[in-house]
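Residue numbers (the numbering used here), protein chains in the order written: chain A, 1 to 415; chain B, 1001 to 1250.
Quick caveat, the hints were computed from the structure, so don't treat them as lab data. The beta carbon of each residue, even a glycine, is placed where N, CA and C say it ideally should be. Possibly wrong hints are sitting among the right ones.
[Stated by the list, open to error] Over 12 Å on every C-beta distance to chain A, these chain B residues come out as not near it, computed from the model:
1. G1093
2. G1109
3. E1134
4. L1136
5. V1140
6. G1152
7. T1155
8. G1163
9. E1201
10. Q1206
11. G1208
12. G1230
13. E1238
[Said to hold, decoys possible] Facing chain A, a subset of chain B residues (Cβ under 8 Å, in silico):
14. L1186
15. L1189
16. M1193
17. K1197
What follows is each chain in one-letter form.
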Amino acid sequence: MATEIAPAESFLPSPELRPREADLFNIDAALTEEERAVRDSVRRFVDEEVLPIIGKHYVDGTFPKHLIPKMGELGVFGANLPEEYGCAGLNNVQYGLIMQELERGDSGIRSFASVQGALVMYPIYAFGSEEQKRHWLPKMATGEVIGCFGLTEPDYGSNPAGMITVAREQADGSWVLNGAKMWITNGSQAHVSVVWAKAVPHGQTEVGDERTIRGFVVPTDTPGFRARDQKGKLSLRASDTSELILEDVRLPADAILPKSGGLKSPLMCLTQARYGISWGALGAAIACYEEAVSYSKNRVMFDKPIGAFQIQQVRLADMLTEIVKGQLVSLHLGRCKDLGTFTPQMVSLAKRNNVNIATDIAREARRLLGGNGILAEYASMRHMANLESVYTYEGTHDVHSLILGQAITGHSAFK
Amino acid sequence: MKIAVCIKRVPVMEVKFAIAKDGASVDETGLKYDVNDFDLWAVEAALQLNEKNAPGEVTVISLGPDAASEQIRKALSMGADKGVLLKADKVPGDAFAVAEALAAELKAGAYDVILFGKKSIDFDNSATGAMVGELLGLPVVTGVSKLEIAGGKGTAHRAVEGGVEVLEFPLPAIVTVDEGLNKERLPSLKGIMAAKKKPLETKPAQLGGAGVTVSKMELPPERAAGRIVGEGAAAVPELVRLLQSEAKVL
Ligand SMILES: Cc1cc2nc3c(=O)[nH]c(=O)nc-3n(C[C@H](O)[C@H](O)[C@H](O)COP(=O)(O)OP(=O)(O)OC[C@H]3O[C@@H](n4cnc5c(N)ncnc54)[C@H](O)[C@@H]3O)c2cc1C
Ligand SMILES: Cc1cc2nc3c(=O)[nH]c(=O)nc-3n(C[C@H](O)[C@H](O)[C@H](O)COP(=O)(O)OP(=O)(O)OC[C@H]3O[C@@H](n4cnc5c(N)ncnc54)[C@H](O)[C@@H]3O)c2cc1C
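Bound-form chain A, shown alone:
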């Protein structure tokens, strides 16, 4: 006699275990009340201020400047820096959640905040003198002063150690900068630029190696400083990206960031920004996933919502799974950052994974949307195109593979 086979229903989850529709994996349970409160405030801001306008800005290739003071008022700039400098004094998980929500709007909005906070306010905070901090940070927190970060050069992207921008010390201790930077977010609208250059002490002519790299705080109205927008971008269109030209830019002695020293300093800034990007990419992924879920419920084809077909269910299940995994990676990283136990290699893993899965999720969402998926009215293709920039900047995906490869094997494969 054949053994009795249990009826199929018994393999189904009990109806008493109702799925959480909004947060299936209950990630919220791992967040504190203040962390959720910050996330919810920024989420509301993005829903009300960013989503209704961002598609048009993207198509027009403009950054929505009117949002800068509003973001300042909300407190998103340099939000994890201390209150004594006008910042919100948040923990790193709260900071990450801000990045997630901003990029749920658009990678360009998040990029603005990353540059302002992690790449300009952070180096002034970490390497600046007390006067520099008091002068710049409060005005940057409100968005009154906009900053940009000049590291990349036309011929030195992944390998900034080779930079040719140089700062020559004069007899009176002042500095003269010459060189060019490229791909600089906010370059043309910035009031201040943190420029990285090889410093040559007075009396010396030879330019040194990466150990001589120092940071300089350059007001963008200094004679000899010019910024020109890079045109024709097919990605990150709602963000200004510029070339910087430095021609005999004369700076007082106190323009140097006194505690900066070597390539390590800009890399420390990038570690801050990459941490935020690991969260931000998830925000873009969440936007695409949510758009796909909603479309799959409403779009009827062959007499059924397309979400009722197995192919689309697999797509959505894969998207959600990767988002949840990514969130747990970033959350753990944020907790370690608060404890002071995080390493740049951990940040590489998180940036590399989360941006990569976000690019896949955006593409799959776009595909699920059929023909509508190519329209700016929907978000997925905008995110898909944006994420290609995010994949490349702040250490390309490949470069993070090499960082991890070196950490794992002990062999550097860079050169």
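Here the structure of chain A is known, so what remains is to put chain B with the ligands in place on it, guided by the hints.
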């Protein structure tokens, strides 16, 4: 001015509701909570009144479980000064039981104005504010869409069918807030951090006896799928015919 605002913790409406096993309450699995919308507008109104008539103090009171402290903190992060949690593990569906507990707390506070939302979006009774007014013997204005306080008296607008009613009242008074009065501010990130340091007192709620209990809850019947009867102007006669003969709404 001393202002009190009574706020309620309610489920966020973005998830589908299910009925719990007892058949008379909502299954709370997976629900998220927020401050009742109308109460947020009441908090905003209080903050604006005190910004105009500084100095002042805004106290936020909520009756609910321990978790309702999160909603009080939200009001504090918007700018309210202090909070009181009247702790009750289960919030009775009977507004009078709640009103008695709130009145007992409010009585001692010497507030100039006590604000409520017009209704809570979960039980939808529109009763609590008015009942508290009755219990405290204060003038009550419900459902206001405009509010001014000056020189010890208040003026309020109420939207009535096809027009506006303008009311005047002496202080202290109870005002319940309708949609359209304002749009609540977002808690700023600094506000959220500051709220952690503001006083929040917890005490047991002195609930009154419930005259009414919920005996049963049912979900509305599933709606049948819509039907497309045609396109453009050509479809209008058929649509009108069906609305008359089938749907019987014309
Ligand atoms: C929209 C946008 C905004 C940006 N904003 C800023 C900014 O604000 N400030 C700033 O300083 N920079 C900024 N950047 C620059 C960004 O950091 C660089 O683009 C990035 O570092 C890559 O450099 P690259 O473009 O010169 O590419 P390359 O370094 O030329 O890389 C080209 C390809 O070669 C690969 N590659 C490089 N080295 C190796 C190796 N050793 N082994 C194997 N493969 C390798 C890379 O992975 C990549 O696929 C921005 C870039 C973009 C696109
Ligand atoms: C740029 C552009 C140019 C075009 N030019 C023309 C043209 O010249 N002439 C013309 O007639 N049409 C044209 N089209 C229309 C194109 O053929 C349709 O977009 C395509 O057939 C998909 O239909 P849809 O967009 O309605 O997507 P939908 O059919 O709604 O599909 C949405 C998603 O559901 C999936 N899906 C659908 N059915 C099922 C199922 N049974 N099981 C599982 N998954 C399913 C799809 O694969 C897709 O991922 C064009 C489209 C574009 C984007």
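Hints, one by one, checked against the model:
1. G1093/B, annotated as away from the interface, keeps every beta carbon of chain A farther than 12 Å; the closest lies near 22 Å.
2. Taking the minimum C-beta to C-beta distance to chain A, about 26 Å, the non-interface status of G1109/B holds against the 12 Å cut.
3. Against the 12 Å criterion, E1134/B stays outside the reach of chain A, whose nearest CB is about 35 Å from its own CB.
4. Even its closest Cβ contact with chain A, about 32 Å, leaves L1136/B beyond 12 Å, as expected for a residue assigned away from the interface.
5. Look at V1140/B: its CB is around 32 Å from the nearest CB on chain A, clear of 12 Å, so calling it non-interface holds up.
6. Every CB of chain A is more than 12 Å from the CB of G1152/B (nearest about 34 Å), matching its label as outside the interface.
7. Against chain A, the non-interface label of T1155/B holds: every CB pair exceeds 12 Å, the least being about 30 Å.
8. Against chain A, the non-interface label of G1163/B holds: every CB pair exceeds 12 Å, the least being about 31 Å.
9. With a least CB separation of 18 Å from chain A, E1201/B remains clear of the 12 Å interface cut-off, as annotated.
10. No beta-carbon of chain A comes within 12 Å of the beta-carbon of Q1206/B; the shortest separation is about 27 Å.
11. Here G1208/B stays apart from chain A, with its beta-carbon at least about 30 Å from theirs, past the 12 Å limit.
12. Every CB of chain A is more than 12 Å from the CB of G1230/B (nearest about 18 Å), matching its label as outside the interface.
13. For E1238/B, the shortest C-beta to C-beta distance to chain A comes to about 22 Å, beyond the 12 Å cut-off, and the non-interface label holds.
14. Evaluation of the L1186/B hint against chain A yields a held restraint, the C-beta minimum of about 5 Å falling below 8 Å.
15. Interface restraint check for L1189/B: the shortest CB-CB distance to chain A comes to about 3 Å, inside 8 Å, so the restraint holds.
16. A least Cβ separation of about 6 Å between M1193/B and chain A falls short of the 8 Å threshold, and the interface hint therefore holds.
17. Of the supplied interface hints, the one on K1197/B is violated, with its beta-carbon coming no nearer than about 11 Å to a beta-carbon of chain A, more than 8 Å.
Of the numbered hints listed earlier, the single one contradicted by the structure is hint 17.
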